[in-house]
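Throw the hints in and build the complete structure from the sequences for me.
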Amino acid sequence: MKTTAKLFSVLFFLMLIFSFTPDDDGDRLVGVWAPSNGKARIKVEKIGNKYYGKIVWLREPIDPVTQIPKVDKNNPDASMQNVPLKGYRLLKDFIYSGKNEWTEGTIYDPENGSTYSCLITMKDNNTLDIRGYIGLKALGRTDVWKRLELKK
Amino acid sequence: MKKILFISAVSIFLFSCKNQKVTSIELNNVQLTAEGPYYEGPNSFQETILNTLKNNNINPESVEKIELTSAILILPDSIEDGLIQDFSLQLVSNTSEMKKVAFINPIPAGKKEIPLTIAQEQDGIDEIFSKEEFTALLDANFSKDFETNIQFKAKLKFNITTH
Amino acid sequence: MKYYILLLFFFIGSALFAQTDSTKKVEEEEDYSVYENATSSDGQNKTFCNPKIFDLSPARFISIAWDHQLPYDMKLSQPGFYPKDSTNVVPYETANANSTSGLRLFANIPVISSNKFLWQLGLNYWNMKYVFSENTTPTPNAGLIQQLQNDGLTTMGLHSTVYKPLNEKQFILMQVSADLSGNYTFSNIQDLKYTKYSASILWGKRPNDRKQWAVGLTRTYRVGQLNFLPIVLYNWTAPNRKWGTEILFPARVHVRKNFNARSLVMAGYELEGQSYRIGGITLSDKELEIRRGELRLRLEYQRQIWGFIWGTIQVGYRHNYSFNADYTEKGGSDFFRGFVGKQEYAMINKLGGAPYFNVGIHLVSP
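Chains as they are written, first to last, in the numbering used here: chain A, 94 to 245; chain B, 128 to 290; chain C, 1428 to 1793.
Derived from the structure by calculation, the hints contain no laboratory data. Treat the hints loosely; a few may be bogus.
Sample of chain B residues at the chain A side, in silico, Cβ under 7 angstroms [claimed, not checked]:
no., residue
1, P164
2, G168
3, P169
4, I176
5, T179
6, D213
7, S215
8, E224
9, F230
10, Q247
11, E248
Keep in mind the model is a prediction, meaning the values are calculated, not measured. A virtual CB, placed ideally from N, CA and C, is assigned to each residue, including glycine.
Structure, rendered in structure tokens:
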């Protein structure tokens, strides 16, 4: 009986520990981030069980040639070339796969209309490595994004 | 010999076509909602849509292709001209990639029923429909802050090709 | 029974402590206007300049190309000692090269690729096979034309490129390469002591997304013999993003016309060349090196084929700058003549100009 009681006590404490563990570490990605070139700010949000990042601010929102807000003029689908960049979801379909990594998603580069496979790694709570690549992770480039605090 | 080959080719073509069927379905009451207040910039409205294929007696495994053929957005009366600069409509499910299917920029003035421009590339919509639920997500770029709650109604038409 | 009740309480307790759904619903209030005044959470906001500017022709990870020159004449002197400015040297061998063609392979793979540092390692393989017509003057077995016909000319090399942005506007670019060039084949590779080394270093600025310039120095074999030259980089894209330049003077100068994000055309020139050690020609205590340098005027069309696979078609005219040969010491050491040195040549050779074309397929970089 004593042994059984001890066993249940251990089980109880284990359950307490696991129930305090956040059930979705992936939500740490949610927030506003700035790529290293400082030209845009990206807001990451969760829709369903996946993470998406959209442009919420552009340093140069107006196209100097057309003098209207910048649009996705390099999109390979001609019918989508008038979609405005503000609000555009650059990061799509990321799933948290543990170990501070978000995978299975893509990143879109409006500068050339290309979509790349992408791996997001959280280096610390305020720093992301965003690696866009083609095929192999070696054939790509990493950009460092910083979390932004919003002034009220 | 040439005749036999020609007849065979035509027969194969007709046989493969015969097995395909295109069904048109309409979702006439998609209510895209988001809690206000809304702030200048992009705001997102959504609705979860359930059992579309099942409700139209379509077996998901028989689906070859799904195309959005029409998307009409109905603006509530509280929306004045110029409040919203553009709309983008996306479809997504938990197990498929988000797909931008329609948009409009700029929004024509003086109209309450807005037909959206449909994307030419529509690969992957069948995957979105294959599960029992998916989400329609409408991004609206507001030109200024707006306090009143808004709900957009959308009428979506799809062509579903099955075998 | 009481143990079952205890178990029940444990599970209920877990449920009570379980996390609430932390999904950030899209419908929640968001104050988009505050994005104007956001700052970095840890105070670090350093930005670094990108190695590219808008609308540059895409950088290549892997390239496979075929290069082909149309017929031209070749006049080669007998090995001897010829003053640098020799003229009217009587040819010892003459030939009509029906074609000069070969495979060009290139790979440039990032080892470290981040916004603060870019290091790429690469290798290249160029081969030129010569096909001569029958009206070649009779040549001794050890003649140069015979050697070229047997094995052609091959270059294999390794290179390492480092791009280091210093801040948002300034950067350093460095490259070193090692090339083994000669009339060898895979089954009979030349001794590595004949490797030639080149290096370049530039410092530059990227004032905005449409302009990038740099100045520096290079040690190069690009026009066939060893030279030390100043170099200027100037990449520019017009405000309408339809035109631009891609210049690394004096090595190459191009004007670019962008049709869209997936196709463009370039017009200009490139200097090519290497110093090739020729085996099979017996000299008592010397080696023979051909200093091949050529100017290629060209038009190149680049287009996306699918995804990150691009194709190129290049047509142009190859003007021969140098095909003279030098004696070098056995053991692989070289000497520096540059533009002002007076060392004599071992052979004075003339090649006629020729139209050429080059078709390639490339895996390009994001």
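How the hints compare with the structure:
Among the interface hints, the one on B:P164 is violated; its C-beta lies about 15 angstroms from the nearest C-beta in chain A, farther than the 7 angstroms criterion. Checking B:G168 against chain A by beta carbon gives a least distance of about 6 angstroms; that is within 7 angstroms, so the hint holds. Interface restraint check: B:P169 against chain A, minimum CB-CB distance 3 angstroms, threshold 7 angstroms, status holds. Given the 7 angstroms rule on beta carbons, the hint for B:I176 is violated: about 13 angstroms separates it from the nearest Cβ of chain A.
Of the supplied interface hints, the one on B:T179 is violated, with its beta-carbon coming no nearer than about 16 angstroms to a beta-carbon of chain A, more than 7 angstroms. Look at B:D213: its Cβ gets to within about 5 angstroms of chain A, closer than 7 angstroms, so that hint holds up. Below 7 angstroms, beta-carbon pairs count as interface contacts, and B:S215 has one with chain A at about 6 angstroms; its hint therefore holds. At a threshold of 7 angstroms, the smallest CB-CB gap from B:E224 to chain A is about 5 angstroms, leaving the interface hint in force.
The interface hint given for B:F230 holds, since its Cβ lies 5 angstroms from the closest Cβ of chain A, which is under the 7 angstroms cut-off. Checking B:Q247 against chain A by beta carbon gives a least distance of about 4 angstroms; that is within 7 angstroms, so the hint holds. Given the 7 angstroms rule on beta carbons, the hint for B:E248 holds: about 4 angstroms separates it from the nearest Cβ of chain A.
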